Amino acid sequence: MHKDLNKNKCLQMYKHLYLTRRYCEMVVELGDTGFIRGPLHPGLGMEAVVVGVLNAAENDDFIGVSHRGQAASIVRNVNVGLLFAEQFGKLEGCNHGRGGTMHFNLFNEKRVFELDSEVAGKVPIFTGVALGCKLKGLKQISVVFYGDGAMSEGWIYESMNMAKKFNLPVIFVVENNRYAVTTKVEYSCSAKNLTDRAKAFGFEGIEVDGMDVEKIYAVAKESVSKVRNGGGPINIVANTYRFCGHFTAEKILNLHYRSQEEIAEWETRDPIATWPQKLIDEGICSSEEIQSVKEMVEKEITEAVEFAKSGKLPKPEDALKDMYATQYPGSPRKGWF
Amino acid sequence: MREIRYLQAVAEALNNEMKISDEVLVMGEDVRESLRGVTKGLYTTYGKDRVIDFPISEQGMIGCGIGSAISGFRPVIEFQINEFTFFAFEQLILQSQRLRFYSGGKIKIPLTYIVPGSGARGGISGQHSDNPYSFLIEGGMKVVIPSCAYDAKGLLISAIRDNDPVAVFLPTRVLAEKGEVPEEQYTVPLGKADIKKTGSDITVVATGHCVNIALEVARKLEEEKISVEVFDPRTLFPFDKETLKESISKTGKVVIIDDSPVSCGFGCEVSALIGEEYFNLIKAPVKIVARADVPIPFSEPLEEVVLPNSAKLENAIRELMGRTNA
Amino acid sequence: MTEQISKETMAGFFRILETICAAKESIATLAKNNEIRMQVKRINYGEEAIALGVCTALKESDIVINTSEGISSLIARGGSLNAIFAEIFGKSEGYNNGIRGSFNISVPELGIYSANSFSDTGVAMGTGFALASRLKDENKVVAAFYDNETVNEGIIHESMNIASAFDLPMLFVCKNSKNFKGPIPEEFLQSKEFGSRSLGYGLESTTVNGMDVESVYSTAKDIIKSIRETNRPAILECITNSCREELCGCKSNSDSKNVNCENEFNGKTIKENFSKILREKNILTQKEIENVQTEVSVLVKKAVELSKAGSDPKPENLTEFMYADEYSNILKTGGLL
Amino acid sequence: MRELNSIEAAHEGLKTEISLDKNVYLMKKEQYSDKKDSDNSNKDSYKNDKVVNMPKSEATIVSTATGLALTGLRPVIEFNRMEDIFLSFSALVDQAAKLRYMSGGELMFPITYLCAEEGVCKNNDGLNSENPYSFLIHGGMKVVMPSCAYDVKGLLVSAIRDNDPVAVFIPAMIRSEKGDVPEEQYSIPMGKAEIKKKGSDITVVATGHCVNIALAVARKLEADQISVEVFDPRTLFPFDKETLKESVSKTGKVVIMDDSPRACGFASMVSSILMEEYYEYLKKPILRITREDIPVPFSNSLKKYILPDGEKLESAIRKII
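Chains as they are written, first to last, in the working numbering: chain U, 1 to 337; chain C, 338 to 663; chain V, 664 to 1000; chain H, 1001 to 1321.
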């Protein structure tokens, strides 16, 4: 076990993993039953990456996560009810019903921003956050997560170049779940190793098993301290897998891009199962303690859903508010009179 | 005649064009598996050389399309998400649209862009719900937006056979609708509007799924003896002025309903056109019912406010009719 | 191994080089005298050998994607001076009917295409030509030029990734000038040469002295041969001292008649070095060299005279240039009421 | 008062703003200068630590600025070629313009995009002659377009102090035109139009360098007893409807002159507002004098055909009156 991982921390990480998993499962359930609108992109199977990295980072570091990065809010102790409320389109939600599923903004309080409609678009934004840290002399670093599909976007290349040029405190974390929707990473990415993309710019690229939260934690811990001490950007490539489809609608699409065997094989490495087993095997904690975390989580989830369901819907007449911080009469223009 | 869904009509048109001509290629993201349903089954029929999946690199993909179009192919590029047009905006406008012009008319770029599922899809929020056609119109690109299955098949075929870049927008809200579609290949000419319903009191210019809204409102108002003419431009650019002129000279009143942001949008262009050329035919203000100038919010009650809908259209029509009646 | 370049070829190179230099000098003079609408600061010196070496190493059926400094490649591929100058004067006899003007001239009949861009985004277009060649089994190679200005654009990344992932026959020719003060390589790139970025795409990169016609030609010849055989793209990085006022800030053109960059480079260096080699190798005598120079300058003068007397393009043709298939009313009568 | 040209005025405003607010940074691409020597000296005198030289990666520069805003800075980005707007289009329209709303009004993006070499000028060829502001308006971004040196400084200062993304377009044609500019820092409120010349017969809505053309035409027509009111919106978006209402209620006739594409352009927007809200005042068709829907060709003889100019404006006014 890593030296910084004491019993408390280990159990805490388990809670993060399990809560994220339960949250995602709940979201899918609520989506199926019509409580949540639109397609959903849960990160089932990929929880360990965000949990490992965020536990290694400080609580005030800036985090930009992808549409499968729900774990980030959970690690930062956000009330899960705020996320549910947002997905229910309620006023109490973290974006007051404006952003919805893929755009959780908890930046002001928790320094976490989930924005991924643009695939790679958040990467330069968080490169900019790192530049801001540097210009303002802040000690924080910026960590940005993106998928293997986003690696083909020009923005990644430009951001990596800029990060290296300004020696920015930023960690690029690739959540390599092997498929950009249906396209295999070997098909779309021409680099022999994904870490070559970073090496091409002359900075470090580390590959790590994305299903093993301890290994991720260890790699992230070291990277965070290097980056914070002015070592410049680092690229972590975490190999992971999503157990579910790209989005919830995939169930009805009848796609054949991966085999059931492949999924089953990856499922044996599920961090939600392997991590507590390891804790018990190594005698760090008892199965009762694991069980009590589970119960705590179930309670939290139930309460959160209740909270969200009882929330208020935003008032229709507020739909045009908050477009601009400095308001002028007549803007934004209504589309009708 | 048989009835099929809008999306099936699109897929059929594409499939047949690929069958007829080896020059037609399909490019896009996840087009082999066909996430959007437009390219379903094409990969197994035509193979990897004609149905090409791209990495998520929109600029590179459009560039690749331009190059192969100049070399004699007719690529059909699918944008999986409407906002992806923004990523490749430079390639779309400055290159694909302008290369022919700046080469002095020496080259042809027969490209077709398909944007399946444009517009709000319900619960997909601000960055996946745009209808970016006004941007392309301003850039000078030909834009079509079929409103029913019949038009979809005919217009897509025309678009593919056209020798310039044409953007085809397929609004989410009509994709599942059924309509009569002939089995054989036929074309609906670009630049020709269609009167979806004739009427004598007021002209409603409606685009894409708004045509259905307009028809619904028209039927409702019929009971109140307001006769609404529903004008579907089908091709937004080049716009069919003549047919509009005929309609206006009959009715003298216009409401435009269009699902893109109002400022500098397509609605403004039609209104300005009327104000400039048909001012004397008009007897009342030209009203626009369009999206408000904000991104689409996630929450349902908010989304309803931002988007054009039948209630807003009805209000606008009533106001215009009332004003002149008074 | 590279075969010896024949004497005839070398003599041919000299004539082309001389033509390029003479044309550019003439353009610079015309620009300074405000006889053509071209900004002096955009005229580029020092990339002649690259264009010459690469273009002559290509087959006639191959494709060249030009940068905004396109005149060298045009002349190297046998473009007509008259049509080039007519275009620069904006006359209808020009290659693009006077529409395109001084930069980015596209000449389909010579296999030269150029994007409407100062950022050389035509590289992306190049992948399409290469794809078409592969699909049609034409065995063409596409040489796409780009320079320091473009090297940090994401579109380069996307194009290289696509070319490599799809095995397209493309040669990326990077014109890396050490003089450009804008994106200074040392400052903007942590890895020493742009070529090192090829790692990210699993590509081979070769670096040559871009001031040396022979080495550019023979290296390009080898690489192109291997591209044609393997269909694998490659990168050729040519280091130059080229100079362009807007990028290196020197006042080479504005201040004096002499085209002399403070960075000790101008087109003449390449020319003079090359003619020295020709003399040393007894390929051309001083007399013969002078003869070529006189002939070329006469041709250039004639082209300028002819172009000045050319006819202006007609507005009636504009819509035809814009659209291959016109429809009634495609254009409004903007401003022509 | 001393006279400055527009670029000098812009840099003066920007420099003062940088010294007043520690959060304002200038981000620019490439170190070379396109401008004249006088501008160079201006630029060099920026405090070095407040200028960030960015590699040429437009999309990422714009997006990076969005990130900077998240950390509380107020970046000013300088664009020097109009193709930059196209290259960074998604970062502008899909990120900067949308993220505040999508965050539920929690976040703020005080960013200024300074487009200082915009539009047609003598030596610009087609590519640099793009005028892409209507694209940004359609994307919901605030756009200002000053028409003289005084407005340049005042509006730029307002734009920097505004808490939202604002694009400031300084037309290439007015770049070197001089005007009176006070030395002290002042601001011109955004969203406020200005009547550059009063008149009673017809309102000419003119933007950017077209204001000067309109003024010249107005003076010329005075001799013919045609009194032209020249309306300069200054802020294209949000557009000042009230002032336009006053003007049109007086004249009842409008010509809109704008140097951007016609289809779905700024002129269409103004025209549609008139047709919808102020229809009762209108006595005549609203004519638009804009660019053709064709890119600007290189050849001078064709340029004249494509671009709006005084002749076209004059004939339009005469046609209406």
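Keep in mind that a hint or two might mislead.
Unchecked claim - Calculated cross-link-like contacts (lysine-lysine; reagent style DSS-like; alpha-carbon spacing at most 25 Å):
1. H:K1015 x U:K134
2. V:K971 x H:K1245
3. H:K1220 x H:K1319
4. U:K321 x U:K9
5. C:K445 x C:K377
6. C:K443 x V:K841
7. C:K620 x C:K562
8. C:K562 x C:K529
9. H:K1303 x H:K1245
10. H:K1319 x C:K578
11. H:K1197 x V:K977
12. H:K1319 x H:K1304
13. U:K134 x H:K1050
14. H:K1284 x V:K841
15. H:K1284 x C:K587
16. H:K1220 x C:K445
17. H:K1303 x H:K1241
18. U:K184 x C:K443
19. H:K1022 x C:K578
20. H:K1283 x C:K620
21. C:K582 x C:K562
22. U:K315 x U:K299
23. H:K1304 x V:K977
24. U:K134 x H:K1022
25. H:K1304 x U:K139
26. C:K578 x H:K1028
27. U:K184 x C:K533
28. U:K294 x U:K315
29. H:K1283 x H:K1241
30. C:K582 x H:K1220
31. U:K9 x U:K215
As the list claims (entries may be wrong) - Pairwise CB distance ranges, derived in the manner of DEER restraints:
32. C:R556 x H:K1283: 54 to 60 Å
33. U:S225 x C:A648: 57 to 63 Å
34. C:R556 x H:R1219: 28 to 34 Å
35. V:E801 x C:K356: 57 to 63 Å
36. U:E109 x H:K1283: 52 to 58 Å
37. C:P638 x H:E1277: 34 to 40 Å
38. C:E641 x U:R258: 37 to 43 Å
39. H:D1049 x V:A674: 28 to 34 Å
40. C:K356 x H:K1283: 55 to 61 Å
Since the hints were made in silico from the structure, they are not lab data. Model, not experiment: these values are computed from the prediction. Cβ coordinates follow ideal geometry from the N, Cα and C atoms, glycine included.
A quick look at each hint next to the structure:
1. H:K1015 x U:K134: 22 Å, holds
2. V:K971 x H:K1245: Given that 25 Å is the threshold and the Cα spacing comes to 51 Å, the pair is violated.
3. H:K1220 x H:K1319: Holds: K1220 (chain H) and K1319 (chain H) sit about 16 Å apart, inside 25 Å.
4. U:K321 x U:K9: 42 Å, violated
5. C:K445 x C:K377: Violated. K445 (chain C) to K377 (chain C) sits at ~29 Å, over the 25 Å cutoff.
6. C:K443 x V:K841: 36 Å, violated
7. C:K620 x C:K562: Measuring from Cα to Cα gives roughly 19 Å; hence the hint holds.
8. C:K562 x C:K529: 29 Å, violated
9. H:K1303 x H:K1245: 34 Å, violated
10. H:K1319 x C:K578: Between K1319 (chain H) and K578 (chain C) the Cα gap is close to 22 Å, so the pair holds against 25 Å.
11. H:K1197 x V:K977: Violated, because 37 Å separates the two Cα atoms, which is more than 25 Å.
12. H:K1319 x H:K1304: Holds - the C-alpha atoms of K1304 (chain H) and K1319 (chain H) are around 20 Å apart, at most 25 Å.
13. U:K134 x H:K1050: 12 Å, holds
14. H:K1284 x V:K841: Violated, because 61 Å separates the two Cα atoms, which is more than 25 Å.
15. H:K1284 x C:K587: Roughly 20 Å separates the two Cα atoms, so the pair holds.
16. H:K1220 x C:K445: 45 Å, violated
17. H:K1303 x H:K1241: Cα-Cα ~32 Å, so violated.
18. U:K184 x C:K443: Outside the cut-off at roughly 39 Å; violated.
19. H:K1022 x C:K578: Violated: K1022 (chain H) and K578 (chain C) sit about 54 Å apart, past 25 Å.
20. H:K1283 x C:K620: 12 Å, holds
21. C:K582 x C:K562: Status holds; Cα separation ~23 Å.
22. U:K315 x U:K299: Outside the cut-off at roughly 30 Å; violated.
23. H:K1304 x V:K977: Distance ~11 Å between K1304 (chain H) and K977 (chain V) Cα, so the pair holds.
24. U:K134 x H:K1022: 14 Å, holds
25. H:K1304 x U:K139: 57 Å, violated
26. C:K578 x H:K1028: 45 Å, violated
27. U:K184 x C:K533: 45 Å, violated
28. U:K294 x U:K315: Not satisfied, since the Cα-Cα distance of roughly 37 Å exceeds 25 Å.
29. H:K1283 x H:K1241: 18 Å, holds
30. C:K582 x H:K1220: Status violated; Cα separation ~36 Å.
31. U:K9 x U:K215: At roughly 14 Å apart (the allowed maximum being 25 Å), K215 (chain U) and K9 (chain U) satisfy the hint.
32. C:R556 x H:K1283: 54 to 60 Å: 37 Å, violated
33. U:S225 x C:A648: 57 to 63 Å: 59 Å, holds
34. C:R556 x H:R1219: 28 to 34 Å: 56 Å, violated
35. V:E801 x C:K356: 57 to 63 Å: 24 Å, violated
36. U:E109 x H:K1283: 52 to 58 Å: The hint (52 to 58 Å, Cβ to Cβ) holds, given that E109 (chain U) and K1283 (chain H) are roughly 57 Å apart.
37. C:P638 x H:E1277: 34 to 40 Å: At roughly 27 Å between Cβ atoms, E1277 (chain H) and P638 (chain C) fall outside 34 to 40 Å, so the hint is violated.
38. C:E641 x U:R258: 37 to 43 Å: Holds, at about 38 Å.
39. H:D1049 x V:A674: 28 to 34 Å: 56 Å, violated
40. C:K356 x H:K1283: 55 to 61 Å: Given range 55 to 61 Å: holds, Cβ gap about 58 Å.
Checked against the numbered hints listed earlier, the structure breaks hints 2, 4, 5, 6, 8, 9, 11, 14, 16, 17, 18, 19, 22, 25, 26, 27, 28, 30, 32, 34, 35, 37, 39; every other hint is satisfied.
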